[in-house]
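In case you want the letters, here they are:
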Amino acid sequence: MTQLLNNEAHQLKVLKTLYLIRDLEEEIAKRYPEGKMRCPTHLSIGQEGVPSALAPLLFSYDLAVSTHRAHAHYLAKGGCPKAMIAEIYGKATGCSGGRGGSMHLIDESVGFKGSTAIVGNTIPIGVGLALSQQIKSEQGISVVFVGDGALEEGVFYESANFAALKKLPVLFVCENNLYSVYSPLKNRQPEGRKLYKMVEAIGIKSTHADGNNVVECYEILQEKINLIRAGSGPQFIEFDTYRWREHCGPNYDNDLGYRTAQEFDNWKVREPIARYENWLLENTLFTQNHFSQIRGQVTGLVQESFEFAESSPFPDVSTVNDYIYR
Amino acid sequence: MSCKELTMAQAVNVALTESMEMDESVICYGLGVDDPLRIFGTTANLSENFPQRVFDMPTCENAMTGVGIGAALNGLKPVMVHQRLDFFLLAMDQLVNAAAKWHYMFNGQSNVPIVIRLMIGRGWGQGPTHSQNLHAWFAHIPGLKVVMPTNPNDAYHMLKQAIQDPNPVIFIEHRWLHGQVGLIEKGSHSSIGKAKLLKKGDDITIIAMSYLTVEAIRASEALSKNSVNVELIDLMTVKPIDWETIYESVEKTGRLLVLDTGAETGSVAGEIVAKVSEKCFAHLKAAPSRLAMPDIPEPTSYGLTKQFYFGAKEIAEKVHGMLLENVDSSLYRELDTEGHHDIPGSHFKGPF
Ligand SMILES: Cc1ncc(C[n+]2csc(CCOP(=O)(O)OP(=O)(O)O)c2C)c(N)n1
Ligand SMILES: [Mg+2]
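Protein sequences appear in the order of chains A and B. Here my numbering is used: position 241 in the first sequence is 241, and no number is missing along the way. Here my numbering is used: position 185 in the second sequence is 1185, and no number is missing along the way.
Hints listed in this document are in silico derivations from the structure and should not be mistaken for laboratory results. Since we're looking at a predicted model, the values are computed, not measured. Some clues are possibly wrong.
Subject to a maximum C-alpha distance of 30 Å in a straight line, what follows is the list of computed BS3-like cross-link-like pairs (lysine-lysine) [stated by the list, open to error]:
(1) Lys-1004(B) with Lys-1101(B)
(2) Lys-1200(B) with Lys-1313(B)
(3) Lys-1306(B) with Lys-30(A)
(4) Lys-36(A) with Lys-1313(B)
(5) Lys-1313(B) with Lys-1199(B)
(6) Lys-1285(B) with Lys-1200(B)
(7) Lys-1306(B) with Lys-113(A)
(8) Lys-1285(B) with Lys-1275(B)
(9) Lys-186(A) with Lys-82(A)
(10) Lys-1275(B) with Lys-1101(B)
(11) Lys-1306(B) with Lys-36(A)
(12) Lys-1004(B) with Lys-1196(B)
(13) Lys-1252(B) with Lys-1306(B)
(14) Lys-82(A) with Lys-1004(B)
(15) Lys-113(A) with Lys-136(A)
Computed from the model, here is a short list of chain A residues facing chain B with C-beta under 7 Å [claimed, not checked]:
(16) Leu-4
(17) Asn-7
(18) His-10
(19) Tyr-179
(20) Leu-185
(21) Phe-314
(22) Val-317
By construction, the Cβ of each residue, glycine as well, lies at the ideal position given by its N, Cα and C atoms.
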């Protein structure tokens, strides 16, 4: 019962989110060498498709948790871009007051409950959020963003089993970008393994999609989220996608030789944003003019976010003791 | 014997290479051991030279620790490596409930010769979960040995010994030390369980560990200009501690300052202060003291970490205060490091 991406507001939201993630992160990459963003930073450039498709499908009462590579998820969930950039700059106005940095994002006001830096760390936490929603009979669902590497941690199986057992309203969004740092999947999974098939065997309904085909992502996500909202238990979706830049940091690292130029080029052709624009041009009333107008707005927001971060103060050293306990 | 100048990362690499050449039971694995960056260079060439015995692993720290324990029980000598200590926290069950106790709880019938290499650090936005100095946790567990070398030579010798040690050894490398250059002396005697007297002095004993030894050396030099003669000991092994060397020094100087890269409460420094108070009380001229990290998670922000760490200057001022009371704030200005506080200073040849 796939539902088409025929809602104009949703089409627009997806487009804006794609632009915002891409342009904000390109600006991070550009400015990172200035040495003012002094924390490990994992960019999602190339992987904007899945979070952007998800953006119009979640409400602020839905909850989400994420990983070290969380910028896109935070932004798609509606997290404040200014507070995110300020956080990466270590400023007092950052979403974690500078305590967390790029890997520790939070925006409680939109249900983004936190991203953390240890692989697998937020998987059970997301399941716990779903448990609370079930027990309190809340209307929301919980989204757990994971990478392919996180599925190798024992805690994933333990959490997935519990989610299946209790039929919890949780959506596992797995962005399979083929690598964990520089380690390809073939170093980490037996030949022929399909991640989503393995998860299915745990008792979670699982599917697979092209994560760089935004329309396909939207339609699958819409269908599965509706099922979760209707009370049918957890869902797992594995999306194929690809990170363009280095695992951590602003540069390209294809020169290191852990992946081939050909592989990279093949994925660049499947670029999520241009593909989506083409789809809009062919199937909707959107025109190139709309694109440049929307992109212009996003550029403004990006510039504003960096100005905000740059001009914000560092947290006062005397506050370092705050928040150890409540 | 032969002398060669290497960085600490290279020294670790040589120790691993020689161990694997010499002993076919040594295996080496961990996330990224064969990737292009080779764990900061420490595992360079290993997968080429020993393709069967060196391998990358899935992201599953707890299971792979257990796998290493199993392999060790049947005659292998695994060396597992983690790019941050924090990642290894997932493996506490296998380490604490199995590796550390196997020899004891089965009445000495079998043992677990495994080495776990862990990187600790500070600064540059590593933040709350990528910089933790939790050596005291491991020191608290009976059955584990915990090693924290400061220079390439000690790292080389102690890693080779750790690999041949019949017990589980936690081998802790500070990221600010990987670039440290030094001579490898093949005949030298740095060994697990032995602290090293780096500088003789009569006024106060300073016990340092890992990166703080570098800061303590600078502090001692500045203090000597103010006629304070420090006796400096590099602890090197935080479990088991070389009490003899410590007692002997404190009985001579009558004063003690212990430096610890970890948080103060429950620290190794606290343990040393306690033991010295018990055993050397009659010799003490002043209350033994310690400098450790505050009991605060390490924040990421450049702004918040400005006064978070301590270094040579704070050490010198502390010692000066313990001996001569009033410290003029300009006295140790030479120890101020130029540039950013969150990277090693100009005196220091180290990457992040
Ligand atoms: C427990 C743990 N082990 C190792 C790491 C180091 N690490 C950081 S990100 C990462 C890669 C994880 O890969 P994946 O889940 O596929 O996410 P991706 O980076 O591809 O988005 C690793 C191994 C970590 N942070 N935590
Ligand atoms: Mg991945």
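Right, here's what the structure says about each hint:
1. Lys-1004(B) with Lys-1101(B): Judged against 30 Å, a Cα distance of about 39 Å means the pair is violated.
2. Lys-1200(B) with Lys-1313(B): holds, 20 Å
3. Lys-1306(B) with Lys-30(A): The hint holds at about 26 Å.
4. Lys-36(A) with Lys-1313(B): With Cα atoms ~26 Å apart, Lys-36(A) and Lys-1313(B) stay inside 30 Å; holds.
5. Lys-1313(B) with Lys-1199(B): Between Lys-1313(B) and Lys-1199(B) the Cα gap is close to 18 Å, so the pair holds against 30 Å.
6. Lys-1285(B) with Lys-1200(B): Since the Cα atoms of Lys-1285(B) and Lys-1200(B) sit roughly 18 Å apart, the hinted pair holds (cutoff 30 Å).
7. Lys-1306(B) with Lys-113(A): Distance of about 28 Å is within 30 Å: holds.
8. Lys-1285(B) with Lys-1275(B): Roughly 16 Å separates the two Cα atoms, so the pair holds.
9. Lys-186(A) with Lys-82(A): Cα-Cα ~39 Å, so violated.
10. Lys-1275(B) with Lys-1101(B): holds, 25 Å
11. Lys-1306(B) with Lys-36(A): Distance ~14 Å between Lys-1306(B) and Lys-36(A) Cα, so the pair holds.
12. Lys-1004(B) with Lys-1196(B): holds, 21 Å
13. Lys-1252(B) with Lys-1306(B): violated, 37 Å
14. Lys-82(A) with Lys-1004(B): Outside the cut-off at roughly 52 Å; violated.
15. Lys-113(A) with Lys-136(A): Distance ~17 Å between Lys-113(A) and Lys-136(A) Cα, so the pair holds.
16. Leu-4: Check failed: Cβ of Leu-4(A) comes no nearer than 37 Å to chain B, outside 7 Å.
17. Asn-7: violated, 38 Å
18. His-10: violated, 35 Å
19. Tyr-179: Hint on Tyr-179(A): violated, closest Cβ of chain B at ~10 Å, above 7 Å.
20. Leu-185: violated, 10 Å
21. Phe-314: Constraint on Phe-314(A) satisfied, holds at 2 Å.
22. Val-317: Val-317(A) check passes; min Cβ-Cβ to chain B is 5 Å, inside 7 Å.
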